[in-house]
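Colleague: Read off the chains here:
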Amino acid sequence: NAGVMQNPRHLVRRRGQEARLRCSPMKGHSHVYWYRQLPEEGLKFMVYLQKENIIDESGMPKERFSAEFPKEGPSILRIQQVVRGDSAAYFCASSPQQGTEQFFGPGTRLTVL
Amino acid sequence: QKEVEQDPGPLSVPEGAIVSLNCTYSNSAFQYFMWYRQYSRKGPELLMYTYSSGNKEDGRFTAQVDKSSKYISLFIRDSQPSDSATYLCAMNPGNTGKLIFGQGTTLQVKP
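Order-wise, the sequence lines are chains A and B. For the first sequence, the working numbering gives the first residue as 123, with consecutive numbering after it. For the second sequence, the working numbering gives the first residue as 27, with consecutive numbering after it.
Because the hints were derived from the structure by calculation, they are not lab data. Hints may be right or wrong, so weigh each one.
Derived coverage of chain A by chain B (criterion: at least 3 residues anywhere in the stretch with Cβ under 8 Å from a Cβ of chain B; other residues may be distant) [unchecked claim]:
no., region
1, 164–171
2, 174–188
3, 214–227
In this text, a Cβ means the ideal position worked out from N, Cα and C, and glycines have one as well.
Hey, can you work out the whole structure from these sequences and the hints?
Modeller: Quick look at the structure:
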């Protein structure tokens, strides 16, 4: 049973470009979560999605960030017009139900030049 | 005040020692408690998941929850150099998908 998959593992963008991060949950999991880890900081919740629905986006910056989890395909975290402060590790997690244990992917390390 | 407090360390112990890692929290609504291990530049790996006060054991790891004191612990017995990593506690009130993490404690086990 494959774990949570994320791609790309490393992403380099110049300021002003768009970044698209993909996450495929574990088989049988329909709940997806995105977290951000800044250097020397802990993991911070960004958004929680189920298929085709955003359940909680209280941790998402109000501008430039969006997330989706379509009926078919992976969940996407999209960052428009990236700035240097967006450089971080972005982790996706999945769970079979809300409130149960979450399993994390290997992360995408975004570097903004 | 942060919702979850965790001493960042670093914590250095000799091989074979018993390690005690701790977190305190302020929100009495937290129902589910997790411990993750994170190696450098890797994703967090779930070690323990508990939802009630008391102890839960899995191999060399024991998770302890004291809801009355709002205090959780992870004990590692017979620590090995391969246990050297950052350990993160995480909590969830159960009615939301959001995990609240501690800052993480960096552990080094010296051979």
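Colleague: Could you run down the list of hints and mark each one as holding or not?
Modeller: Now for the hints, and whether the structure bears them out:
no.: 1; hint: 164–171; result: holds (count 5)
no.: 2; hint: 174–188; result: holds (count 4)
no.: 3; hint: 214–227; result: holds (count 10)
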